[in-house]
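Protein chains in written order, with the UniProt record's numbering: chain H, 1 to 329; chain Z, 1 to 329; chain Y, 1 to 329; chain U, 1 to 329.
Watch out, some of these pointers could steer you wrong.
Identical chains share a label here; the pair holds if one copy fits it or two copies do between them.
Said to hold, decoys possible - Straight-line distance between alpha carbons at most 27 Å, and here's what the computed DSS-like set of lysine-lysine pairs gives: (1) LYS51 - LYS129; (2) LYS51 - LYS243; (3) LYS2 - LYS243; (4) LYS51 - LYS202; (5) LYS129 - LYS243; (6) LYS243 - LYS202; (7) LYS180 - LYS202.
Think of the hints as simulated: they come from the structure by calculation, not from any bench.
Number of protein chains: 4
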Amino acid sequence: MKAAVIESVGRAVVTEVPDPTPGPRDVVVEVAACGLCGTDLHILQGEFAPKLPIVPGHEFAGEVVGVGSQVTEVALGDQVAVDPSLYCYECRYCRTGHNNLCERWAAIGVTTAGGAAQYAVAPVANCVKLPEHVRTQDAALVEPLSCAVRGYDVLRSRLGAHVLIYGSGTMGLMMLELAKRTGAASVDMVDLNPARLETARKLGVSASAATPDELDRPQGWDLVIDATGNAAAIQDGLGRVAKAGTFLQFGVADYATRVEIDPYRIYNQEITITGSMAVLHSYERAAELFANGVLDPDVFISDRLPLEQYPQALEQFAAGVGRKIVVVP
Amino acid sequence: MKAAVIESVGRAVVTEVPDPTPGPRDVVVEVAACGLCGTDLHILQGEFAPKLPIVPGHEFAGEVVGVGSQVTEVALGDQVAVDPSLYCYECRYCRTGHNNLCERWAAIGVTTAGGAAQYAVAPVANCVKLPEHVRTQDAALVEPLSCAVRGYDVLRSRLGAHVLIYGSGTMGLMMLELAKRTGAASVDMVDLNPARLETARKLGVSASAATPDELDRPQGWDLVIDATGNAAAIQDGLGRVAKAGTFLQFGVADYATRVEIDPYRIYNQEITITGSMAVLHSYERAAELFANGVLDPDVFISDRLPLEQYPQALEQFAAGVGRKIVVVP
Amino acid sequence: MKAAVIESVGRAVVTEVPDPTPGPRDVVVEVAACGLCGTDLHILQGEFAPKLPIVPGHEFAGEVVGVGSQVTEVALGDQVAVDPSLYCYECRYCRTGHNNLCERWAAIGVTTAGGAAQYAVAPVANCVKLPEHVRTQDAALVEPLSCAVRGYDVLRSRLGAHVLIYGSGTMGLMMLELAKRTGAASVDMVDLNPARLETARKLGVSASAATPDELDRPQGWDLVIDATGNAAAIQDGLGRVAKAGTFLQFGVADYATRVEIDPYRIYNQEITITGSMAVLHSYERAAELFANGVLDPDVFISDRLPLEQYPQALEQFAAGVGRKIVVVP
Amino acid sequence: MKAAVIESVGRAVVTEVPDPTPGPRDVVVEVAACGLCGTDLHILQGEFAPKLPIVPGHEFAGEVVGVGSQVTEVALGDQVAVDPSLYCYECRYCRTGHNNLCERWAAIGVTTAGGAAQYAVAPVANCVKLPEHVRTQDAALVEPLSCAVRGYDVLRSRLGAHVLIYGSGTMGLMMLELAKRTGAASVDMVDLNPARLETARKLGVSASAATPDELDRPQGWDLVIDATGNAAAIQDGLGRVAKAGTFLQFGVADYATRVEIDPYRIYNQEITITGSMAVLHSYERAAELFANGVLDPDVFISDRLPLEQYPQALEQFAAGVGRKIVVVP
Ligand SMILES: NC(=O)c1ccc[n+]([C@@H]2O[C@H](COP(=O)([O-])OP(=O)(O)OC[C@H]3O[C@@H](n4cnc5c(N)ncnc54)[C@H](OP(=O)(O)O)[C@@H]3O)[C@@H](O)[C@H]2O)c1
Ligand SMILES: NC(=O)c1ccc[n+]([C@@H]2O[C@H](COP(=O)([O-])OP(=O)(O)OC[C@H]3O[C@@H](n4cnc5c(N)ncnc54)[C@H](OP(=O)(O)O)[C@@H]3O)[C@@H](O)[C@H]2O)c1
Ligand SMILES: NC(=O)c1ccc[n+]([C@@H]2O[C@H](COP(=O)([O-])OP(=O)(O)OC[C@H]3O[C@@H](n4cnc5c(N)ncnc54)[C@H](OP(=O)(O)O)[C@@H]3O)[C@@H](O)[C@H]2O)c1
Ligand SMILES: NC(=O)c1ccc[n+]([C@@H]2O[C@H](COP(=O)([O-])OP(=O)(O)OC[C@H]3O[C@@H](n4cnc5c(N)ncnc54)[C@H](OP(=O)(O)O)[C@@H]3O)[C@@H](O)[C@H]2O)c1
Ligand SMILES: [Zn+2]
Ligand SMILES: [Zn+2]
Ligand SMILES: [Zn+2]
Ligand SMILES: [Zn+2]
């Protein structure tokens with residue numbers, strides 16, 4: 001089959017590789033589309049993946065075209081979205097329900113061959129059936145959505161919160177859509193790039209600007225979410241949290257990034273700073289929310305490129321052009 | 001001024017009463033509209049209100065036309081919605097943050113003169129300013145909405161829940177609107193009265209029926225909400241909760257109502273049954289959500305009668321005809 | 001090896017069975033002691049276990065005497081307590097972190113050969129190493145303790161609660177010990193059997209009686225825990241919950257038991273009723289708490305019988321004589 | 001009566017002032033003892049108190065010797081501990097249950113005359129009756145304990161946590177006592193001052209050292225609590241939090257203190273940083289826990305000086321000698 005392959009650091013190609021064969025509890029999925037994200041760039045830079053070459057791609061959905069000998073839950077022809085997470089279920093974090101912090105964390109598209117290919121293999125437990133009305137290509141969005149759902153699980157926000165989101169990329173916009181669905185009284189968004197904020201306005205943001213200084217909320221926001229990973233945004237955002245409010249570190253900062261906090265204020269205003277990492281108990285719920293129309297795929301997917309152009313897709317993503325880019329085998 | 005008065009058990013009239021005078025931290029509100037609810041019927045039956053006669057009405061909004069000597073927070077001409085709750089701040093429940101369970105619970109329209117009148121008086125702290133775009137009459141809906149918000153505060157539901165609501169009256173429909181805004185993956189509704197379900201469908205319910213038997217969800221619902229107070233509905237609903245799910249007793253049952261639970265199932269499926277009572281820390285948030293359009297007043301308010309017809313309004317409400325009925329002075 | 005075997009409904013024997021052989025990620029444990037509980041009686045009555053004969057016993061600890069080919073986490077000679085739970089990690093409940101509600105729930109001693117034997121086999125992930133100062137026999141108490149820990153995880157109680165526990169058997173007494181360690185301001189206990197309450201008094205209960213009527217707390221208790229499974233106790237306990245309080249169904253009632261609740265009170269006093277089922281993310285923590293002396297084994301283990309007397313041990317347990325009975329191979 | 005008075009910045013005296021007279025819902029308390037804390041030093045430095053002179057003292061208990069005309073809850077001769085907090089009940093924080101963040105925060109001993117005097121006046125709602133077995137002098141400890149209880153309310157910790165506390169002063173030691181009562185599996189403590197750690201060891205700390213480097217816990221601690229306010233301690237502590245763990249800013253840092261956080265780690269390990277400020281819904285519970293012996297007053301109160309020596313007591317406190325110092329009128 002045809003597949004994208006990260007062959008070595010800095011080198012991505014599309015080439016022929018052997019078709020995957022399923023284990024007894026595995027499913028072979030004919031990929032309809034596979035999304036790209038920051039993790040793929042990290043792999044290209046020689047991080048995250050324990051060894052190269054690897055077929056990347058952990059955001060994908062497709063049709064079941066093969067099943068292992070002990071699979072009964074899905075059948076040939078089913079449309080499925082695939083949770084890429086592979087937990088050990090044995091380490092201290094798995095044993096206490098924090099599987100996303102698994103000591104032996106593994107994932108389809110990172111530690112095993114992924115979805116940037118014609119076919120991909122996945123444990124049946126990771127395959128979530130999609131209702132017929134969902135366009136399978138679009139369901140590549142379920143994985144990033146399931147990260148956003150985890151973010152709101154951490155926040156446990158109540159009805160009526162005032163929310164400020166930094167970064168109007170794919171993830172910031174998903175946080176926006178979910179803010180509305182977790183009862184926000186208002187959702188404001190900041191991004192340095194005015195073009196990005198257009199989409200936010202299209203999706204019904206309450207207010208948007210290049211900086212919160214332009215927004216009229218001196219008492220701050222109950223929830224401030226970083227969806228940039230950018231040090232300046234994080235530093236600014238920490239200062240915008242209202243009394244008794246919460247800052248969510250959702251963006252992935254560089255390892256070396258450091259920002260300052262003010263311990264007196266943390267104490268005196270009972271401010272909380274917390275983080276959310278990948279997917280935890282949230283994939284199926286994201287799939288259901290997606291099937292129920294929580295996202296408009298035509299807004300979220302800005303580019304659909306043929307699998308052959310995987311290297312170019314990666315370049316475009318690295319250049320920060322567009323929103324979610326998917327490759328279509 | 002003109003006011004509705006519950007004179008004695010079973011007897012409501014509209015008559016002239018002295019204009020109210022504000023204390024130093026009080027506000028006089030010219031009532032734009034005042035809603036009716038079950039509490040008013042209880043008062044008519046000689047319950048809840050410690051003494052008669054009383055001017056009823058605890059769901060109201062209007063314009064500030066007088067302020068006490070020490071009021072600075074609102075000014076003449078401001079439009080305000082009024083939280084009727086009057087807590088003692090001294091009892092063990094107030095001192096632990098459960099003001100809605102206050103041992104000396106009191107409320108405008110129950111223990112002191114209410115909003116079914118041309119003017120009403122309220123502590124300034126209970127007056128929430130409304131933005132200009134809100135039609136003040138409609139803001140009579142803020143109080144019931146703030147009860148619904150309390151319900152979801154108790155539930156603390158996560159994104160992706162499947163919700164079943166019993167009762168498609170004013171409160172059930174508010175629970176529906178908030179279910180969508182607390183991230184429900186689906187919201188189903190049952191009501192014995194098919195006419196009532198039409199509104200539910202208009203508001204975008206996922207499925208509706210006379211009984212959950214007609215709905216296809218053998219594994220049950222994550223959240224089941226009673227918004228009827230009816231014994232049969234409660235009994236049925238308790239059996240519809242999914243494993244690890246929650247039943248919310250929001251409807252006000254008769255004192256004598258008893259329903260059965262199955263302790264083995266509570267244990268074995270880790271089912272939770274809980275309740276939500278009136279307003280707690282939720283009035284301002286309800287006002288903001290209302291101002292942001294969480295409810296369509298023209299759907300929720302079915303009848304706007306002149307204050308003179310308060311007795312007839314009460315009769316119509318008792319007969320269960322329509323949704324929210326408001327009187328307009 | 002020698003093992004207790006439930007051969008058929010109502011028939012338990014001690015006999016010779018083949019020694020167990022570990023799979024690649026399994027461990028063979030030489031059992032130091034194995035506790036008996038209600039589950040074993042259910043198995044004897046033909047319930048819970050999918051097929052007979054079965055070697056029972058899910059509360060055990062012992063020494064590692066064999067390891068599978070891929071085991072590195074424990075070594076021969078290690079003392080371990082064994083979590084009997086075997087989850088599928090694939091069903092909707094496992095995938096959302098409710099493994100104790102697993103649709104394919106399985107357990108050592110219920111669906112596979114258990115610890116009432118000279119040797120037992122367990123996945124290495126289920127084996128928790130014990131520090132040297134722990135007497136391995138005593139660590140048969142870790143499993144029931146891990147159920148009690150799950151109970152308090154469900155309760156999430158705050159410092160200063162007033163707690164009432166029904167049933168002064170092994171589990172009620174564990175709930176007592178943990179009430180003290182979850183910040184209870186007071187812990188009262190009721191049991192019909194005055195002899196049982198002596199142990200409660202020895203462990204420092206605040207007050208104890210045959211019925212809460214004898215205890216002076218008209219406002220009720222913040223937390224009421226049923227640790228009897230008895231219908232009369234549950235019914236009585238539901239009425240003892242204070243405003244804003246919680247009732248925990250910890251005892252395992254008969255399937256047919258039904259008790260009555262008062263929906264007006266659930267609503268008006270914001271009462272919560274909830275349940276806790278077996279072990280969830282709590283086994284390791286129970287082992288640590290146990291190692292740190294949270295329980296006095298000599299109080300909790302009333303009888304240590306030789307494995308040969310397993311049938312008699314079961315009879316004594318069924319007769320309700322003593323507290324935790326363990327068999328020692 | 002005799003009272004300590006902060007007359008002007010830097011100047012504390014003991015002098016005669018008029019006896020206090022109670023309002024209708026107030027109580028006059030003959031002070032048994034009044035504790036000193038950092039707030040008193042801030043007042044001396046011209047901070048916190050809106051105007052000088054002021055009678056300081058917000059940690060006190062005593063006997064009821066006078067009651068206002070409308071007081072029925074306490075009687076002459078009752079022993080009471082006094083919650084110093086005076087909330088407005090009107091601001092946005094009070095109205096949402098965050099009274100400790102009140103915009104018009106006021107307190108006995110800060111904004112009105114306090115307990116470093118022969119008599120003090122307090123609203124009856126702030127007076128908590130003590131059982132007879134409590135030595136009233138010792139109950140000056142209830143106020144700081146109620147801050148510690150608030151800290152654990154914020155933490156909502158589960159059974160089995162590993163806890164690390166920085167600072168073995170009065171507050172750190174209270175956090176230690178409460179860690180044990182909130183189910184900690186272990187509680188370690190660090191302090192630069194070896195003499196301070198002796199008390200920690202006396203109270204049963206699991207391990208203690210000058211720095212966590214000496215403690216063997218490479219995976220970090222589930223809960224890390226700063227009870228120093230010291231920048232170096234906070235900075236060190238933030239790096240000691242285990243995956244999925246929480247850091248509590250309990251110590252009051254200088255306004256200018258800044259420490260660094262690592263956003264990648266917050267995200268990747270789902271770390272939470274939060275704060276707890278003074279007393280919220282926790283005073284009565286602290287009083288009950290205190291009455292039940294949660295603290296040994298003879299360990300916690302290191303010095304009992306006569307009221308006449310208030311200025312010297314303040315100096316000793318500023319010098320960091322001893323634990324809780326109380327003055328006895
Ligand atoms: N927590 C999780 O589980 C999880 C899951 C997925 C992704 N993530 C992370 O979430 C972040 C967002 O992902 P994405 O795919 O949406 O990325 P993206 O498309 O690159 O969007 C980030 C946006 O933030 C803007 N931005 C950068 N610096 C800013 C600043 N100082 N102030 C305001 N806006 C700023 C960028 O503007 P320009 O276009 O001008 O640069 C861009 O529009 C990334 O860090 C990603 O790694 C986290
Ligand atoms: N918790 C709180 O804070 C709070 C606040 C406000 C109101 N409430 C309570 O909430 C409940 C609903 O209030 P509402 O104003 O919406 O009342 P409502 O307009 O009377 O609506 C109740 C609806 O439930 C339906 N119903 C009755 N029995 C039923 C059954 N067995 N199965 C299905 N549907 C059934 C009724 O149908 P019919 O028209 O055929 O009777 C009606 O449509 C009341 O009990 C009210 O007291 C509680
Ligand atoms: N939720 C879980 O995960 C879990 C885990 C383990 C066990 N359990 C359940 O927890 C319950 C207790 O277990 P156990 O081992 O402690 O049982 P146990 O030793 O039989 O203790 C139960 C105690 O309750 C007393 N009792 C019975 N009816 C009572 C009543 N109406 N009022 C007051 N006391 C009454 C019994 O007295 P007599 O001796 O006079 O009968 C006995 O002392 C059982 O139902 C068990 O199945 C639950
Ligand atoms: N959050 C609240 O509601 C609340 C309430 C009351 C108090 N507080 C705050 O809690 C903190 C503790 O109060 P306290 O009365 O216990 O104060 P304390 O008696 O001064 O105790 C603080 C202890 O921390 C030690 N320490 C200082 N720097 C350290 C470092 N880098 N590493 C380790 N230990 C260090 C001190 O040692 P030395 O003796 O050598 O200096 C001292 O033993 C204060 O900041 C206080 O303002 C907060
Ligand atoms: Zn793991
Ligand atoms: Zn009250
Ligand atoms: Zn399962
Ligand atoms: Zn306030």
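For each hint, the structure was consulted:
In this assembly of identical chains, the alpha carbons of LYS51 and LYS129 never lie at most 27 Å apart, being 31 Å within a copy and 33 Å across copies at closest. For the homomeric pair LYS51 and LYS243, the shortest alpha-carbon distance between copies (25 Å) is at most 27 Å, but the shortest distance inside one copy (46 Å) is not. Within a single copy, LYS2 and LYS243 get their C-alpha atoms no closer than 54 Å, and across copies no closer than 39 Å, so neither meets the 27 Å cut-off. Neither within a single protomer nor between protomers do LYS51 and LYS202 lie at most 27 Å apart by alpha-carbon distance, with minima of 42 Å and 52 Å respectively.
For a Cα distance limit of 27 Å, the shortest separation of LYS129 from LYS243 across copies, 21 Å, qualifies, whereas the shortest one inside one copy, 43 Å, does not. In this assembly of identical chains, the alpha carbons of LYS243 and LYS202 never lie at most 27 Å apart, being 30 Å within a copy and 38 Å across copies at closest. Taking the closest pair of Cα atoms, LYS180 and LYS202 come within 27 Å of each other both inside a single copy (14 Å) and across two copies (20 Å).
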